[in-house]
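Undergrad: Sequence:
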Amino acid sequence: MKSFDNLNNWREEFLIQASPSDPENFPFVVLGNKIDVDGGNSRVVSEKKARAWCASKGNIPYFETSAKEGINVEEAFQCIAKNALKSGEEEEIYLPDTIDVGSSNQPRSTGCEC
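Under full-length UniProt numbering, the residue at position 30 of the sequence shown is numbered 30, and the numbers go up by one with no gaps.
Take these hints with a grain of salt, some might be off.
[As the list claims (entries may be wrong)] Derived lysine-lysine pairs resembling DSBU-like cross-links, with alpha carbons at most 30 Å apart:
{"hint": "1", "residue 1": "K2", "residue 2": "K48"}
{"hint": "2", "residue 1": "K57", "residue 2": "K82"}
{"hint": "3", "residue 1": "K82", "residue 2": "K48"}
{"hint": "4", "residue 1": "K68", "residue 2": "K49"}
{"hint": "5", "residue 1": "K68", "residue 2": "K48"}
{"hint": "6", "residue 1": "K34", "residue 2": "K86"}
{"hint": "7", "residue 1": "K34", "residue 2": "K49"}
{"hint": "8", "residue 1": "K86", "residue 2": "K48"}
{"hint": "9", "residue 1": "K82", "residue 2": "K2"}
By construction, these hints were calculated from the structure, which means they are not laboratory data.
Throw the hints in and build the complete structure from the sequences for me.
TA: As structure tokens, then:
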């Protein structure tokens with residue numbers, strides 16, 4: 001429950017540190033892991049509660065996963081990759097002017113200027 005309780009803080013801290021251009025639409029994904037443990041009976045956060053939190057933050061995608069059993073892991077990573085590629089297309093990429101280090105307009109020194 002402690003991890004779930006910290007989601008708001010982690011999300012806000014990330015948005016402050018990363019300063020994305022559109023913080024409200026940043027492509028977060030939430031994973032509820034270890035759903036294989038005790039057949040899901042030892043669950044601390046209900047799926048309903050997790051999905052409600054995700055909905056309250058702009059419908060963040062939510063996946064219940066088990067790394068051990070490989071449940072929904074590939075689906076979660078595909079979602080993350082698609083969201084990253086989609087947001088990457090929207091970001092303006094700054095490319096500086098090219099600097100040609102091979103041609104200099106200054107005369108070259110032929111000796112030591114010490």
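Undergrad: Next, verify each hint and record whether it holds.
TA: Results of checking the hints against the structure:
no.	hint	in the structure
1	K2 - K48	holds, 17 Å
2	K57 - K82	holds, 19 Å
3	K82 - K48	holds, 25 Å
4	K68 - K49	holds, 23 Å
5	K68 - K48	holds, 23 Å
6	K34 - K86	holds, 28 Å
7	K34 - K49	holds, 16 Å
8	K86 - K48	holds, 28 Å
9	K82 - K2	holds, 29 Å
In this structure, none of the earlier numbered hints is contradicted; all agree with it.
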